[in-house]
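Protein chains in written order, with full-length UniProt numbering: chain F, 1 to 144; chain S, 1 to 144.
Don't take each hint at face value.
[What the hints assert, rightly or not] For lysine-lysine, the following DSBU-like pairs were computed, each having C-alpha atoms within a straight-line distance of at most 30 Å: (1) K88(F) <-> K142(S); (2) K89(S) <-> K142(F); (3) K88(S) <-> K17(S).
[To be verified] Quick look at which bits of chain F chain S covers, simulated, 3 or more residues with Cβ under 8 Å: (4) 50-61; (5) 120-132.
[Said to hold, decoys possible] Derived CB-CB ranges, DEER-like: (6) E13(F) <-> A69(S): 33 to 43 Å; (7) G9(F) <-> T96(S): 24 to 34 Å; (8) A45(F) <-> A69(S): 21 to 31 Å; (9) E7(S) <-> F12(F): 43 to 53 Å; (10) D129(S) <-> G9(F): 40 to 50 Å; (11) G50(S) <-> R11(F): 33 to 43 Å; (12) N73(F) <-> H128(S): 23 to 33 Å.
Rather than coming from a laboratory, the hints here were simulated on the basis of the structure.
Since this is a predicted model, take the numbers as computed values, not measurements.
Every residue, glycine too, gets a C-beta built ideally from N, C-alpha and C.
There are 2 protein chains.
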Amino acid sequence: MYFDDFEVGYRFETGSKSLSEDEIIAFARTYDPQPFHVDRDAAAASIYGGLIASGFHTLTIAFELILGADVWNEASMGSPGLDEIRWKKPVRPGDTLRVTGEVTEVQPSQSRPDRGRVIFRYDILNQHDELVAYYYAIQLLKRR
Amino acid sequence: MYFDDFEVGYRFETGSKSLSEDEIIAFARTYDPQPFHVDRDAAAASIYGGLIASGFHTLTIAFELILGADVWNEASMGSPGLDEIRWKKPVRPGDTLRVTGEVTEVQPSQSRPDRGRVIFRYDILNQHDELVAYYYAIQLLKRR
Numbered sequence: 001m002y003f004d005d006f007e008v009g010y011r012f013e014t015g016s017k018s019l020s021e022d023e024i025i026a027f028a029r030t031y032d033p034q035p036f037h038v039d040r041d042a043a044a045a046s047i048y049g050g051l052i053a054s055g056f057h058t059l060t061i062a063f064e065l066i067l068g069a070d071v072w073n074e075a076s077m078g079s080p081g082l083d084e085i086r087w088k089k090p091v092r093p094g095d096t097l098r099v100t101g102e103v104t105e106v107q108p109s110q111s112r113p114d115r116g117r118v119i120f121r122y123d124i125l126n127q128h129d130e131l132v133a134y135y136y137a138i139q140l141l142k143r144r
Numbered sequence: 001m002y003f004d005d006f007e008v009g010y011r012f013e014t015g016s017k018s019l020s021e022d023e024i025i026a027f028a029r030t031y032d033p034q035p036f037h038v039d040r041d042a043a044a045a046s047i048y049g050g051l052i053a054s055g056f057h058t059l060t061i062a063f064e065l066i067l068g069a070d071v072w073n074e075a076s077m078g079s080p081g082l083d084e085i086r087w088k089k090p091v092r093p094g095d096t097l098r099v100t101g102e103v104t105e106v107q108p109s110q111s112r113p114d115r116g117r118v119i120f121r122y123d124i125l126n127q128h129d130e131l132v133a134y135y136y137a138i139q140l141l142k143r144r
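Work out the full structure: start from the sequences and follow the hints.
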């Protein structure tokens, strides 16, 4: 889908992906080695009561799922940014994540007639349909 | 440092990290396989004129550097969210990134006297001191 194909309220859903404890620890060892992401015992003693995924891990998996849905990929010119990322519930080993996307704004470029911005709200849900995180993404898309 | 040790305007700098082409492609293959992140030829033909790092890769490297600076790690209770992530310039193979952090807000918790929120603005800079990205992070920290 290209810029012109989107309107406010358009929705899509991604596939899903499960996270193992090993994957949570491996990602966090490199990018976010806080004790509650990499150390099972320290995590059990923390306010989280057990290992939880790095919030950055949750975001990157969500983005992997969003690209896998292949909704706007062909028209993508990248993204200038994200807004209001909020982590609402911990993601734990064995959880299965999926994402719903909804268009909240559609802005043709004032200066460049070949492109526009579509703003998506992405809700990241677990296998209990609980919201674990959400964010808004500004997506630069080619026009038809 | 604990919540009580921070005031608005407090600044710190991280170490630096270089990104190879292989690292850029490996990260993007898993999390962000858009052509301009994983395919040298497609990237050359894109608006970016060559391979660029996934914005999520830039963010995770920045966070790795921030944790490496070990400023608030001991007091960390995690983060509820990030605001206004903006990618300003492409990050290319061979670039070296570093981060400057500055406290923009300090908010003791109203309901829980053992903690507070510190908001940091993080600027991600390359080896030419160009701003490649910035964001605001809400950091939950224990009080002394």
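TODO: Return the numbers of the hints above that this structure violates; sort them in rising order.
DONE: 5, 7
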